[in-house]
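Chemist: Read off the chains here:
Protein chains: 2
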Amino acid sequence: MITAGFREVGGEGVEREKKLMEVVRHYQMKMIGPNCMGVINTDPQYRMNASFSPTEPYVGNVAFVSQSGALGVAVLEMCKALRLGFSIFVSEGNKADLTDSDFLEYLEQHEPTRVITLYQESIEDTGRFRKIATRISRKKPIIALKAGRSESGAKAASSHTGALASSDLATDAFFKQCGILRVDSIEELFELSLGFSNQPIPRGNRLAVLTNAGGPAILATDAIEKYGLKMASLSDKTQNKLRTFLPEEAAVHNPVDMIASANEETYRNALETVLKDDRVDAVMVIIVRPPINTTPRMIAEGFRGIVQKPGQKPVFVVLMAQADESCGLEVFQELRLPVYAYPESAARSISAMLNYQQWKKKPAGKTAKVSLDKGAFRHIFAESAAEGREYLSSADVQQILKTYGFPLPFSQIVQSADEAIAIYRELKKPLVLKIESEEIVHKSDIGGVRISLKGEREIRNGFDEIMANALKVTTADRISGVLVQEMVSGGREVALGMKRDPNYGPMIMFGMGGIFIEVLKDVSFRIAPVTDRDAREMIESIRAFPVLQGVRGEAGVHLETIVDAIQRLSQLALDWPQILEMDLNPFMVSPEADNCKIVDAFFAGIFVSKKYRLPVVLINV
Amino acid sequence: MITAGFREVGGEGVEREKKLMEVVRHYQMKMIGPNCMGVINTDPQYRMNASFSPTEPYVGNVAFVSQSGALGVAVLEMCKALRLGFSIFVSEGNKADLTDSDFLEYLEQHEPTRVITLYQESIEDTGRFRKIATRISRKKPIIALKAGRSESGAKAASSHTGALASSDLATDAFFKQCGILRVDSIEELFELSLGFSNQPIPRGNRLAVLTNAGGPAILATDAIEKYGLKMASLSDKTQNKLRTFLPEEAAVHNPVDMIASANEETYRNALETVLKDDRVDAVMVIIVRPPINTTPRMIAEGFRGIVQKPGQKPVFVVLMAQADESCGLEVFQELRLPVYAYPESAARSISAMLNYQQWKKKPAGKTAKVSLDKGAFRHIFAESAAEGREYLSSADVQQILKTYGFPLPFSQIVQSADEAIAIYRELKKPLVLKIESEEIVHKSDIGGVRISLKGEREIRNGFDEIMANALKVTTADRISGVLVQEMVSGGREVALGMKRDPNYGPMIMFGMGGIFIEVLKDVSFRIAPVTDRDAREMIESIRAFPVLQGVRGEAGVHLETIVDAIQRLSQLALDWPQILEMDLNPFMVSPEADNCKIVDAFFAGIFVSKKYRLPVVLINV
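Keeping their order, the protein sequence lines are chains W and Y. Under my numbering, the residues of the first sequence are numbered 1 to 621, in order. Under my numbering, the residues of the second sequence are numbered 1 to 621, in order.
FYI, nobody ran anything at the bench for these hints, they're computed from the structure. Be careful, since some hints might not be right.
As the list makes no split between identical chains, a pair holds if one copy fits it or if it spans any two.
What the hints assert, rightly or not - Here are the computed lysine-lysine pairs in the BS3-like style, where the Cα-Cα straight-line distance is at most 30 Å: (1) Lys276 <-> Lys360; (2) Lys230 <-> Lys176; (3) Lys226 <-> Lys521; (4) Lys402 <-> Lys521; (5) Lys131 <-> Lys374; (6) Lys443 <-> Lys521; (7) Lys361 <-> Lys230; (8) Lys443 <-> Lys226; (9) Lys521 <-> Lys176; (10) Lys429 <-> Lys454; (11) Lys362 <-> Lys313; (12) Lys454 <-> Lys428.
Could you build all of it, start to finish, from the sequences and the hints given here?
Modeler: Quick look at the structure:
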């Protein structure tokens with residue numbers, strides 16, 4: 001349904017789309033669009049072009065699903081120059097009936113499609129999409145360009161499509177969990193597609209570089225290291241063999257600089273030689289237009305019979321020349337050799353292929369589930385709603401955390417200093433006292449917290465001071481008491497958090513506390529449900545992770561306790577949609593599991609009404 | 001001198017180059033090369049092509065100086081497709097006589113050259129280069145691609161050119177101080193050149209986007225924010241005017257989506273309208289191949305008379321189509337409109353232009369100089385050499401720091417606990433005790449440090465423990481005593497450092513101490529001499545800078561004290577080339593200037609022999 005004038009124009013267009021969908025449903029039809037550019041299927045059996053793209057794409061194995069019709073058509077045109085072939089092109093339009101998830105399911109079974117690429121401005125039914133994408137990306141790589149990264153971009157996206165904007169961090173986390181390769185630009189989408197579509201994934205990250213010019217080889221070496229790949233160290237046998245046919249001025253170590261005199265025979269022999277080396281996982285062939293001797297086309301012809309053997313290692317070509325007849329792009333295309341303009345593009349593409357492979361190899365994560373009686377909490381939410389609260393009281397938070405099995409320090413609300421002293425005698429540990437009042441959210445700011453109290457006098461004075469401070473900002477009837485906690489010290493401070501994203505659901509956050517979160521923004525996110533694998537990746541992906549592993553000979557903290565707590569938080573967030581935000585901070589972690597305790601927590605939600613209000617600040621409550 | 005077979009082949013080639021240079025000097029000639037690809041001057045007055053580049057570049061205002069001949073030739077060829085014109089091309093070869101600095105000086109005066117681009121694998125005489133580049137980059141932008149970023153890349157670079165590899169961080173710092181725009185890839189070099197060469201620098205960062213397709217506009221919006229630019233908020237007048245000629249379905253806010261029906265007249269009118277808006281500093285025009293109506297060439301023709309007026313705001317074109325006849329690239333070229341393939345490329349280029357402008361606007365920094373009698377220290381280095389030391393003693397370090405005016409806590413070496421106690425009585429402040437022995441470098445590791453000692457008993461016990469611990473690892477005659485220092489506490493911990501780079505000279509480092517340096521690598525570098533402006537930029541550029549400014553209502557630390565100390569360190573490093581490494585860490589800084597003190601320092605050098613040995617680790621002494 002190419003026709004426009006539906007939901008995208010608002011007003012009566014919305015009504016028109018509703019009516020259209022009634023017809024579609026009534027006759028049990030499937031519809032693409034409306035407001036789209038159509039569909040192309042290049043399969044020689046069908047050769048269907050039901051689009052108004054002026055470009056007829058090359059037949060290939062890349063499927064392209066685009067939420068923007070015009071962009072899709074531009075991509076088809078630009079890919080013609082890059083010799084990238086397509087199996088299917090779908091312009092999704094308003095996604096009134098069929099959405100990304102449907103197209104993914106179709107492409108999963110679609111034999112000619114080996115690579116799936118998406119341009120998205122919105123994602124519908126993220127739960128279904130996640131399930132499908134996670135399954136399919138284990139079989140075929142999914143490369144996605146999600147537009148609307150920036151706030152203004154998201155605004156432009158929503159006014160363009162009427163789709164709801166989502167936070168970009170949530171999209172990042174979501175794609176990671178789906179195994180989707182997220183790219184930043186159309187250019188990167190092209191690069192990755194070229195690699196995945198034409199060559200097998202390298203077995204490892206060791207690259208050999210063949211070149212007829214020194215400068216580009218140095219740039220290639222820089223790019224290879226930048227993208228986490230390695231320069232292969234060629235065996236003596238390989239170097240000796242190269243020596244037999246390369247001129248004296250050539251370099252036979254990696255990068256192999258065959259110098260400007262290299263012709264198609266030199267390239268052929270050198271490629272054959274390095275491909276045989278066990279220390280080489282893939283080859284980057286750089287061609288600067290040869291001054292005399294030969295042409296890129298002749299070099300390509302020379303590769304015939306060497307590449308495309310079964311089980312062959314992948315080869316990537318960097319052709320630094322203006323595309324003309326003598327470049328023989330169609331020969332490279334026929335040999336399924338992807339041609340890049342810059343060494344950086346080739347390296348980035350190879351790196352993405354390896355990352356995908358690594359993701360596929362890791363076993364899928366598992367979701368742990370605490371079994372508990374949720375009924376026990378219903379009254380908390382009911383009462384909070386009745387009282388018109390926006391935050392849960394500490395006591396309620398504590399009860400919920402305890403039931404969900406989070407590690408907590410001993411904790412009890414008291415009404416007098418004597419009760420606090422009695423607890424001290426029992427525990428024989430330093431205490432923390434905190435004021436407990438729904439009126440006081442930032443307790444430290446008003447002098448409502450005292451820590452490390454030892455001995456009766458310190459505890460009594462602490463209790464009195466806190467009460468006095470609290471009475472300066474509220475009245476006695478709004479104070480429910482003083483919270484007495486076992487003092488937890490030593491170890492490292494980390495923080496867990498949750499924010500409910502309107503599109504993706506609960507985003508779980510992990511980071512180190514204090515300035516690591518507030519200033520350095522050194523945090524990681526995943527969308528619930530969070531598996532054990534997700535949780536481990538969250539912990540490992542913050543920059544300060546080595547601190548948790550232990551620096552300067554210190555023992556590392558007990559990581560599995562954090563992994564466990566992250567999963568419990570994920571379940572808690574899924575169980576209670578009333579909670580919009582949670583902060584478990586600080587979470588003190590030590591090398592011993594039973595010395596890891598959540599010291600403070602804060603739950604916010606709209607318990608008053610069902611109206612959804614999203615807090616602006618996530619991490620700095 | 002195009003001929004090869006000189007220094008680059010080693011052995012007798014080196015001799016050959018020496019002889020060549022004798023001839024050159026004898027006849028007071030100037031020589032480019034040897035081992036290069038030649039020189040091109042496109043000036044219609046000369047039209048000199050003394051190179052074997054098969055491509056004749058377009059006449060333009062970009063000078064390109066390339067250390068790699070083959071890469072240079074490839075660049076000329078690729079730029080033909082991008083319609084980027086050159087004034088001068090120089091292939092430098094071995095730089096036996098003329099080097100980058102000479103070419104820069106020539107290009108400074110070269111009227112047709114407005115933009116200077118460099119591809120470098122090595123930089124000779126960095127002192128001279130810095131002076132010249134800093135001067136010229138205030139007149140003409142210098143864009144440099146320095147290859148050999150990675151360790152392997154540097155190895156490839158040195159084997160390729162015989163040039164000495166330099167640490168990449170030093171290059172980064174050096175270029176910043178020279179005002180050189182460093183790019184990461186050939187592609188970025190092209191992009192920036194296109195922008196600088198064709199359009200004036202925008203007055204501000206507010207962009208208007210005109211488009212005939214929604215998707216690319218969202219990508220443009222994302223890219224604009226990513227690169228620190230802003231989407232202009234169009235005035236009502238502009239929006240009303242746009243409304244008069246755009247169809248109802250078009251969007252008249254920014255991005256202005258003129259929809260697929262836009263023809264050359266629509267583009268022309270819209271461009272004219274947004275250029276008049278005071279809230280717009282520059283315009284990005286996106287063209288996806290129009291389905292019917294018009295062609296990119298006709299759109300370009302329509303822009304005639306609108307662009308290229310004196311004082312006109314800059315316009316950047318994003319043409320998402322396969323380059324063919326109908327694209328009219330030569331019309332865009334004639335109108336001096338840079339054409340990019342992707343919105344990201346245009347945004348990155350505009351952002352670089354603004355950064356350059358900002359750099360130019362800032363006043364040049366000043367170098368403060370402490371006047372002192374250097375003679376007083378000669379004996380320290382002489383004695384250290386005589387004793388065969390690799391590190392200076394604490395006492396010597398202290399004397400040097402004191403003379404150079406660094407802020408130090410009270411400090412004295414004592415031989416007995418009684419002396420330490422006497423100091424305590426005098427100062428009335430808690431003390432730190434540290435073992436003092438040239439045998440013991442990492443004092444804390446062996447229990448040679450005690451802090452926060454108050455009262456006679458604590459001090460006596462501390463002294464005895466330190467001595468006992470020291471005697472476990474060395475003998476009494478190797479212990480010169482115990483250093484007694486005033487305890488400095490509170491405030492924030494920062495660290496200063498210096499490492500001598502073999503190519504650039506002293507690299508000055510700044511960062512926050514501990515894991516900020518060791519784990520997060522949150523540090524900044526500049527090359528000595530460091531100006532006040534450099535020092536301020538160093539402090540402001542670490543990620544944790546907001547912590548020093550004060551978070552959560554805390555007062556910020558006294559930044560000018562750090563600025564001052566950085567400059568003193570820079571002078572000290574330049575004064576004494578014997579010192580290879582310095583560490584002033586921790587440097588405790590507080591809101592009050594007189595509460596900022598350097599608590600520990602460590603100087604390493606090779607005082608034994610003149611042989612230059614570079615330590616491997618910079619920041620973790």
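Chemist: Does the structure break any of the earlier hints, and which numbers would those be?
Modeler: Of the numbered hints, just 8 does not hold.
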